[in-house]
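Asks: Here are the chains, one letter per residue:
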Amino acid sequence: MAKILFINPVVREEDDPRHVPYGIALLAAIAMREGHLVQVYDENAWRKGPQVLHSVFNADRWDVIAIGGITTAYGSIKNIVRQARRECPQALIVLGGGVLTSLPREMMGFLPEVDVGVVGEGFITFPEILAMLDAGGRDWASIDGTISRTADGGLFISGQRALLEDLDTLPYPAWDLFPLEEVYFPNSQVLFSEEGMLAKRRLDINMSYGCSLVCKYCYHLGIAGDMRYETDANEDIQVAFDQPKNYTRSIRYHSPEYVVGLVKYAREKYNIDFVVFLDENLMTMDQYSKRTWMSEICRLWVEAGLQPTCLRDGIEHDEQCTGVHWSGTSHATLCNPEILKTMRNAGCSHLVYGYESFARHVMKTIGKGATPQTNLRSFFWTLEAGIRPIPNQIIGFPNEDFAAIYDNMEAWKKLGIVVKPFFATPYPGSEWFTVYRNRILEQYDGDLESYLLDLGDATRITAVISHNFNAVELLGLRELMLNFDYKRIRAYEQYWRNNHGIKDGAPSTLYREPVQEVAVTKITQQKVATG
Amino acid sequence: MSTLMKGNFTPAQAVESAPQQADSLEQRFEKEALKKLGGSIAFVAKKKVLWGDEVDNQDATE
Ligand code: B12
Ligand code: SF4
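Sequences listed follow chains A and B, in order.
If you read the first sequence in the numbering used here, its first letter stands for residue 198, the second for the next number, and so on.
If you read the second sequence in the numbering used here, its first letter stands for residue -6, the second for the next number, and so on.
Heads up, a few of these hints could be off.
Claimed, not checked - To be clear about the criterion: a stretch of chain A counts as covered by chain B if any three or more of its residues have a C-beta under 8 Å from a C-beta of chain B, and this derived list gives those stretches:
| hint | stretch |
| --- | --- |
| 1 | 245 to 254 |
| 2 | 260 to 269 |
| 3 | 375 to 381 |
As the list claims (entries may be wrong) - Straight-line distance between alpha carbons at most 20 Å, and here's what the computed EDC-like set of lysine to aspartate or glutamate pairs gives:
| hint | chain 1 | residue 1 | chain 2 | residue 2 |
| --- | --- | --- | --- | --- |
| 4 | B | Lys29 | A | Glu676 |
| 5 | B | Lys28 | A | Glu210 |
| 6 | B | Lys39 | B | Glu23 |
| 7 | A | Lys461 | A | Glu535 |
| 8 | A | Lys538 | A | Glu516 |
| 9 | B | Lys24 | A | Glu676 |
| 10 | B | Lys29 | A | Asp212 |
| 11 | B | Lys40 | A | Asp654 |
| 12 | B | Lys28 | A | Glu211 |
| 13 | B | Lys28 | A | Glu607 |
| 14 | A | Lys397 | A | Asp515 |
| 15 | B | Lys28 | A | Asp654 |
| 16 | B | Lys29 | A | Glu427 |
| 17 | B | Lys29 | A | Glu454 |
| 18 | B | Lys29 | A | Asp213 |
| 19 | A | Lys442 | A | Glu427 |
| 20 | A | Lys245 | A | Asp401 |
| 21 | A | Lys442 | A | Glu454 |
| 22 | B | Lys29 | A | Glu210 |
| 23 | A | Lys397 | A | Glu516 |
| 24 | A | Lys466 | A | Glu378 |
| 25 | A | Lys487 | A | Glu454 |
| 26 | B | Lys28 | A | Asp213 |
| 27 | A | Lys275 | A | Glu646 |
| 28 | A | Lys245 | B | Glu9 |
| 29 | B | Lys28 | A | Glu676 |
| 30 | B | Lys24 | A | Asp213 |
| 31 | B | Lys39 | B | Glu19 |
| 32 | B | Lys39 | B | Asp16 |
| 33 | B | Lys24 | A | Asp212 |
Said to hold, decoys possible - Pulled from the structure, derived: some chain A residues nowhere near chain B, Cβ distances all over 10 Å:
| hint | residue |
| --- | --- |
| 34 | Lys200 |
| 35 | Arg209 |
| 36 | Tyr219 |
| 37 | Met229 |
| 38 | Phe307 |
| 39 | Asp349 |
| 40 | Ala430 |
Just so you know, these hints were derived from the structure itself, not from any lab.
All C-beta atoms, glycine included, are put in the ideal place defined by N, C-alpha and C.
Make the full structure from the sequences, and use the hints.
Replies: Rendered as structure tokens:
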């Protein structure tokens, strides 16, 4: 049996650690189920640095050091794998997650310490690697879903790993292996709703995979049917994601019984009072289940006694309330008033909406499948249901212009939205990363790695993909937007028009690409709700 | 068993937390002040101050 050390790298260093890494927690549970010896060191939770990592690496003779995370964890991963290689020369270092999947060849080049990369979903690939190791084999190339090194120093991408069909065969996440009492429960608060603010014992759950929309700044980690293997002119396999007019998705979800069973288990074992559903888009699942999935989850939630007492008794929420509140993600066009009310009754406190923009011409180009009208409609439906809508906004889209800026400010004023927008950021794996790759690299002297190291929250400016504004302009305009400073924005618009030779009355834009209508070209549905 | 690492077996060596890990008062102050930075909330990041005597002294006397 292999001795495995999982390490969770640091992510979002500027904030307290708030989220147990769900993927690693599941992979640890799978490895234990297969009989392996597992330890987890959560560096993101502890943030103790190289000295403690030294003790961790020397605490035993590790067969496997497994690490992974999202793209913005790259800097931390780089330091950890270097130290791991120095201190544990015998260990097989395995890297997985969004960071590797979006750029498998580049990552293996940047991180020569990594022996095997797991591309996309790890549920089957990772235990197969462990089984091969146990059997004394090292032929990683024969395992689907890997990228490994060849004898002549090259890289080999094996066959594409099929996605797990029946998600309910997954064990519950190994939450016990993470510092819940020490770190995560004290950081339970989520400042998006009153109930979130009062949360004391929160856990996160991912109950579905996939999203039917094709937002061009979005990346689905290669676990949503979004990944394709393509052979290039040199007969090499390249891993591809969303590209103009080429989108694929696979919609998968746990059964309502699995979800509610897991929440009940977490309630009984850890006395949780709040669940954040990590799903990319709960409403996609609800729509694909013909509106049965979400309502069945809510029905079972109440039946299992998880409904918060404040809602059961129709009183205001306070610290005496028992039960489990929850939150998730919605979509402007896919939600409806009935399901929102049902969700509220079961304890839903807030829903994140990627409204992104209230400018019609911008919404048309981003692949969201929503309009300012559907944004507005869902905003009021959600409020009416008693749920707080969290209205995410983004500026700096390719065709963002002054008209869009005014449209957004008007909407914020009218709807009472208090927001500091994200900047449109082309994270690797997104369509706009592929489309604008050269332009991004120009902004980093051709150095992809320095772009990756610069990436963090999209509230910071990194690579700019706006055709109209540069980084300085976007930063300044955002500041003025927050203060509703129409006067200075208008004055700057005049200056901008003069600079670009655009007359008053003409659209304030240099964007010339045709607006293309987008839709997913192929969707497969792999799990049908049992409810 | 150490709580820094958690798992389904006892590793050969316990993992100790380095004793000097807690933030110093200076670090705590600078972190808190950074969160509220703006206007009259400004501070000197002490570790980053470099006193280059020649140039700085010259400036001071000019
Ligand atoms: C929780 C979460 C976070 C957490 C951190 C999560 C973590 N510890 O890694 C926080 C809140 C910090 C976060 C922040 C951001 N996030 Co986020 N986040 C998520 C979320 C909601 C859930 C992730 C998850 O658990 N998924 C489910 C599990 C099962 O998937 P998984 O962890 O990827 O694991 C699987 C595989 O990837 C692989 N795997 C993963 N790790 C490992 C390790 C090994 C060894 C192996 C073999 C395999 C492996 O196997 C697992 C099973 O298949 C996803 C959306 C989603 N539903 O996935 C977005 C998502 C990952 N985030 C995203 C983004 C854009 C961001 C932000 C940039 C947004 C922003 N605010 O600007 C910030 C960045 C913050 C920063 N400064 O670094 C994007 C993608 C980012 C990317 N390029 O990698 C996602 C996909 C959302 C989206 N659709 O846009 N995020
Ligand atoms: S709706 Fe959300 S998860 Fe779906 S593609 Fe758009 S941003 Fe990504």
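Asks: For every hint, state whether the structure bears it out.
Replies: Status of the hints after comparison with the structure:
| no. | hint | verdict |
| --- | --- | --- |
| 1 | 245 to 254 | holds (count 6) |
| 2 | 260 to 269 | violated (count 0) |
| 3 | 375 to 381 | holds (count 3) |
| 4 | B:Lys29 <-> A:Glu676 | 16 Å, holds |
| 5 | B:Lys28 <-> A:Glu210 | 13 Å, holds |
| 6 | B:Lys39 <-> B:Glu23 | 9 Å, holds |
| 7 | A:Lys461 <-> A:Glu535 | 25 Å, violated |
| 8 | A:Lys538 <-> A:Glu516 | 23 Å, violated |
| 9 | B:Lys24 <-> A:Glu676 | 23 Å, violated |
| 10 | B:Lys29 <-> A:Asp212 | 14 Å, holds |
| 11 | B:Lys40 <-> A:Asp654 | 26 Å, violated |
| 12 | B:Lys28 <-> A:Glu211 | 10 Å, holds |
| 13 | B:Lys28 <-> A:Glu607 | 29 Å, violated |
| 14 | A:Lys397 <-> A:Asp515 | 12 Å, holds |
| 15 | B:Lys28 <-> A:Asp654 | 16 Å, holds |
| 16 | B:Lys29 <-> A:Glu427 | 49 Å, violated |
| 17 | B:Lys29 <-> A:Glu454 | 45 Å, violated |
| 18 | B:Lys29 <-> A:Asp213 | 16 Å, holds |
| 19 | A:Lys442 <-> A:Glu427 | 15 Å, holds |
| 20 | A:Lys245 <-> A:Asp401 | 24 Å, violated |
| 21 | A:Lys442 <-> A:Glu454 | 37 Å, violated |
| 22 | B:Lys29 <-> A:Glu210 | 17 Å, holds |
| 23 | A:Lys397 <-> A:Glu516 | 10 Å, holds |
| 24 | A:Lys466 <-> A:Glu378 | 12 Å, holds |
| 25 | A:Lys487 <-> A:Glu454 | 17 Å, holds |
| 26 | B:Lys28 <-> A:Asp213 | 13 Å, holds |
| 27 | A:Lys275 <-> A:Glu646 | 11 Å, holds |
| 28 | A:Lys245 <-> B:Glu9 | 11 Å, holds |
| 29 | B:Lys28 <-> A:Glu676 | 17 Å, holds |
| 30 | B:Lys24 <-> A:Asp213 | 12 Å, holds |
| 31 | B:Lys39 <-> B:Glu19 | 8 Å, holds |
| 32 | B:Lys39 <-> B:Asp16 | 15 Å, holds |
| 33 | B:Lys24 <-> A:Asp212 | 11 Å, holds |
| 34 | Lys200 | 8 Å, violated |
| 35 | Arg209 | 14 Å, holds |
| 36 | Tyr219 | 16 Å, holds |
| 37 | Met229 | 5 Å, violated |
| 38 | Phe307 | 27 Å, holds |
| 39 | Asp349 | 37 Å, holds |
| 40 | Ala430 | 47 Å, holds |
Checked against the numbered hints listed earlier, the structure breaks hints 2, 7, 8, 9, 11, 13, 16, 17, 20, 21, 34 and 37; every other hint is satisfied.
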